[in-house]
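Please take these sequences and the hints and turn them into a complete structure.
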Amino acid sequence: MTGPDAVFPRADALAKAVGAERYSADVTPPGCLWAGVRRAGVAHALITGLDVAAARATPGVVAVLTRRDVPGTNRQGIVHKDQPVLCGERVRHRGDPVALVLAESREALALALSRIDAAFSPLPGVFEPAAALDRDAPYVHPEHPDGNLLAYGLVEKGDAPTALADCAVTVSGEYHTPMQDHVFLELPNGTARLTPAGVLDMVVSTQAPFRDRFEIAHALGLNPWTIRVRAPYLGGGFGGKDGATVQCLLALAALNAGGRWVKMVWDREETFLAGYKRHAAVMRVTLGADADGTLRALTGSLLFDAGPYAHLSGEIMALALEHAGGPYRIPHTRLEGSCAYTNNPVGGAFRGFGVLQSSFAIERLMDALATRLGRDPAGLRLQNALGRGEPNAIGVTPEPGAGAAECLTAVLAHPAWTERAAWKRQAPPFTRRGVGVTCMQNAMGYGRGLPDAAAAKLELTKQGTFRIYNSVPDMGQGNASAFVTMAAQALHQSPEAFALIQPDTRHCLPAGSSSASRTTFTFGNALLGACRAMEAKLRARAALALLCDDPARLILSPGLVTDPATGAAVPLARLGALLPRDDRLCVDQFVMAVVENPPDTGRQFKLGFPHRFYSHGACLCAVEVDELTGRVRLGRCVVSVACGRVLSLEGVTQQVQGAAAQGIGLALFEDPALENGCMGAGDLSRYLIPTALDLPDIDCLIVADDEPTGPLGLRGMGEVGIHGPGPAIAQALFDAAGLHVTRLPVTPEDLLSALGGPE
Amino acid sequence: MIGAVYCPTSLEALWPLLADGAHVLAGGTDLLVAKRGPASCAVALLEGIGELAGISEGDGLIRLGAMASHATLARHPLVRQHLAVLALALETLGSPPIRAMGTLGGNIATASPAGDTLPALLALNARLELASAKGRRVVPLADFLLGPGRTALAAGEIIAAVVVAPPAPAALQHFEKIGRRDALAIAVASLAAVIATDAAGTVTEARLAVGSLAPTARRLPAAEAALTGQRLNRESLTRAAAAIREAVSPMTDVRASAAYRRQAAGNLLLRLTPQP
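These protein sequence lines map, in sequence, to chains A and B.
One point on numbering: in full-length UniProt numbering, the residue at position 12 of the first sequence is 12, and numbering is uninterrupted.
One point on numbering: in full-length UniProt numbering, the residue at position 158 of the second sequence is 158, and numbering is uninterrupted.
Quick caveat, the hints were computed from the structure, so don't treat them as lab data.
One should not assume that every hint holds.
Claimed, not checked - Stretch-level coverage of chain B by chain A, calculated; a stretch enters the list once three of its residues show a Cβ under 8 Å from a Cβ in chain A:
{"id": "1", "segment": "182–189"}
{"id": "2", "segment": "245–257"}
{"id": "3", "segment": "261–271"}
As the list claims (entries may be wrong) - Distance windows between CB atoms, simulated:
{"id": "4", "chain 1": "A", "residue 1": "499", "chain 2": "B", "residue 2": "80", "range": "48 to 56 Å"}
{"id": "5", "chain 1": "A", "residue 1": "174", "chain 2": "B", "residue 2": "77", "range": "53 to 61 Å"}
{"id": "6", "chain 1": "A", "residue 1": "139", "chain 2": "B", "residue 2": "221", "range": "56 to 64 Å"}
{"id": "7", "chain 1": "A", "residue 1": "199", "chain 2": "B", "residue 2": "34", "range": "37 to 45 Å"}
{"id": "8", "chain 1": "B", "residue 1": "182", "chain 2": "A", "residue 2": "30", "range": "40 to 48 Å"}
{"id": "9", "chain 1": "B", "residue 1": "33", "chain 2": "A", "residue 2": "21", "range": "24 to 32 Å"}
Said to hold, decoys possible - Listing some non-contacts, in silico: residues in chain A with all C-beta distances to chain B over 10 Å:
{"id": "10", "residue": "73"}
{"id": "11", "residue": "81"}
{"id": "12", "residue": "121"}
{"id": "13", "residue": "163"}
{"id": "14", "residue": "164"}
{"id": "15", "residue": "185"}
{"id": "16", "residue": "235"}
{"id": "17", "residue": "286"}
{"id": "18", "residue": "331"}
{"id": "19", "residue": "372"}
{"id": "20", "residue": "373"}
{"id": "21", "residue": "424"}
{"id": "22", "residue": "510"}
{"id": "23", "residue": "547"}
{"id": "24", "residue": "738"}
Since the structure is predicted, the reported quantities are computational estimates derived from the model, not experimental observations.
From the three backbone atoms N, C-alpha and C, an ideal C-beta is built for every residue, glycine too.
Spelled out as structure tokens, the structure:
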């Protein structure tokens, strides 16, 4: 049984449903110490005094550490190392850490943290990215050579300014997308100890256990090979655990704990304060077309609010520029991007990684163009959808596959679209209904300049079952379960014959992070290689037991290797018992292919630009607007997706639904209320994510597709679904209420104003 | 942080605990959030005192025990049949777990301007039965709510019950809350209405109350007067809506601006406009 109709129960479902799965947060060794951080609480200031005597004297306190206790560079960051582990002289946002406390209990920890007396001399803050780039703006990093300009990039194709001047029609807009918190269920946390052998042994809720070792080692002056990181299943990550959260602080604590276990758990408010966020962005863009709607040129500039530290801001902006033309055929483009340092919360990785921001802008421009030309927005998109073999907005021809046109066509055949006129007519009193349909795309993998690699290890156990050594954390997206399905198919075994070892730098082979819609593709390919090696091995070893001189004719079946010529069979359990451990292991590795002849543009981007593989989709949102309150309810949501062949329909559907829900949150609910670097919505009573009652059923339509280089024909699709709801809801709100949405999230107040109120 | 926990099984056992400074813990949905800090706080649970949880009818009055949970009240036949405005309000309160734990007395004692049951209880002319070591007294809810988090509750006193005279069976009972989402949402604005009409459709008595639009949930006498003696139609409701906007004193916060709240407050009444 294969293909999208097959039902594979998720390998993680039962253990999670009964509460048996042990997340990092569940690891609390008896007698462990508790570590916590005192945070600045001011957005930009010099530290003028730090009195920790009272904290140190608090009963139950083991140590209070400050900048002076940090060995190494004291600088963390995935690529660009500009974020202090503990701040010594200056704090650059309200969540910056100034002191680390280790205590025997959480109560003693809380008391000691409250007794740290930190004195600050406030510095002028900079909270608007545009203002940050003014010549006379206060600098977030006075030593940075480009002032507050963290990163700049330009992508260009053809001659956009000239082409734009010749266009029959142009539309322009300034579009804003907000900062967004990941709101993963499992808070940033970990447990660590220094073993007698000098190994720093850590269990962390992390998306990048292998890379964490280097980030910690750099920051604290350690040898990365003395650090072991284990990454159990995560209770959500979405990019927010890609890059150090607790890691460096926890490692520093463990170095000062006398060999005892130390646990650190941020609470929800601390996570809002100190965790990474999706970058707020402002995009000024102009789209030009012929009178018949044929797109000609796109120009514009994108400005990202990086907060005070680089994280992957430049790389995120690069992806935004790469996707700024959408899945459309645009011959001439010129787009600039900038990232500004500010004293706002730290911008970082988030599902949709820059793509979400520029997707909103291009989709809004397409709607503006449709309005200008009196065209149906869906028809205009179909007319301009990028076909197979055509270069995209930066001049790369992506790998062929089903694209925006196929995805859009699938959604347009859904009753939510074909029966929309009747649905709108049946609106109850005080209710206006509208429907919007937009396209989406998201590249897969790291892109050029950074090997998107994974190595897989597969073990035949002595009992004749298998052990998969997973190297890319499963943060809930289901990759670990997909690996079981893949290996079971490849080796003709039942899924129950496979156990998963979750990422552990001691026992698993290195791989990149769980990110970039890459995990199932890259590790899956490596795993299938290991499965092929295992199959060959099992045949060859079984041939010995079966006295068969032609191993190729042997057949693998659940628990057995059989010789069809004689009918004789050898159980895998017997092979497992016979073989020494070295002979029971198979390994392989895979590196994702990159664009072979990249266009000469985006020269500023050394890492992660451009991309070769794309998944596509389309999204329909049907909204109901209450005329009296301006409240928006999403009546229907339909998402189509083209992501190669489908290994698990359930898995793809769950990713589409989860991504769409997160996109809906960004569009209608999640308002950080940022003011002077402070999140007005700094807890879950004010930062609202949609609940089950706020979400409609989300229909997922699979578009026939194939990716020949993918494991079993699949491509990654964990991110693409997040891009649809923002622009589709915006289009639907114009249909329902005539509101021109340029800024997310849309508030009831926006709608009440647009409707003019019944008075 | 919760320190010592006491579980008295009678009011007589409760009074000395309160005298010693223990906090009253009913459902805990507010208190456990408020007391998360390092300071230790002793609490006396009310859940062991059976007489506080009953729901009963007698002498033409319905008596709702202060310890009745929102979920229990929302599905109780007396509430559903006679106090629909309260049932509607309870259905919008928090989420299933909060409705299972939170109590009517707790929602009143917290005295949030956004307390979901408060406009409904005001529109029902609810009275509170307060108990202490000194005995009992009855106070109208409207006199009990003094400000955000401030009530007429004396030291050592608890809310024992809410007493309501059920509206005439034919009276219109209506509640609507504007939240920023459909569950676990603090009210941006809410309106409760209990409107009695005669056989000709003329309003004989209108009781209107709002939440999240003033320092306390409050009644709206001018809007009530604008409806009384009128038929419920677009004109009368529009006039009353204007009176609501005039009467409220909303604030701007992370959930909504004052201007939006004022506009929406009036609009909520227009929901009652008869449809052709």
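Original post:
Is the nearest CB of chain B more than 10 Å from the CB of residue 185 of chain A?
Top reply: 15 Å, holds
Original post:
Cβ-Cβ distance between residue 174 of chain A and residue 77 of chain B: within 53 to 61 Å?
Top reply: Cβ of residue 174 of chain A to Cβ of residue 77 of chain B: about 57 Å, so the range 53 to 61 Å holds.
Original post:
Was residue 373 of chain A rightly flagged as not at the interface, with every chain B Cβ beyond 10 Å?
Top reply: The claim stands: residue 373 of chain A keeps its Cβ more than 10 Å from every Cβ of chain B (closest is about 35 Å).
Original post:
Is 40 to 48 Å right for how far apart the beta carbons of residue 182 of chain B and residue 30 of chain A are?
Top reply: Given about 43 Å between the Cβ atoms, the range holds.
**OP:** Please settle this one: residue 121 of chain A was flagged as non-interface, so is its CB more than 10 Å from every CB on chain B?
**Re:** Answer for residue 121 of chain A: holds, closest chain B Cβ roughly 28 Å.
Subject >> Consistency of beta-carbon spacing, residue 221 of chain B to residue 139 of chain A, with hint 56 to 64 Å >> reply: 58 Å, holds
Original post:
Since residue 331 of chain A was said not to touch the interface, does its Cβ keep a gap of more than 10 Å from each Cβ of chain B?
Top reply: 44 Å, holds
Original post:
So does residue 33 of chain B sit 24 to 32 Å from residue 21 of chain A, Cβ to Cβ?
Top reply: 28 Å, holds
Subject >> Exclusion check [residue 510 of chain A not at the chain B interface, CB over 10 Å] >> reply: Answer for residue 510 of chain A: holds, closest chain B Cβ roughly 41 Å.
**OP:** Three residues minimum, CB to CB under 8 Å: does the segment 182–189 of chain B make the cut for coverage by chain A? Let me know.
**Re:** holds (count 6)
Subject >> Non-interface label on residue 164 of chain A, tested against every C-beta of chain B at 10 Å >> reply: Given a closest Cβ separation of 39 Å, the condition holds.
Original post:
Would you say the C-beta atoms of residue 499 of chain A and residue 80 of chain B sit inside 48 to 56 Å of each other?
Top reply: The hinted range 48 to 56 Å holds for residue 499 of chain A and residue 80 of chain B, with Cβ atoms some 53 Å apart.
When the structure is compared with the earlier hints, no violation turns up for any of them.
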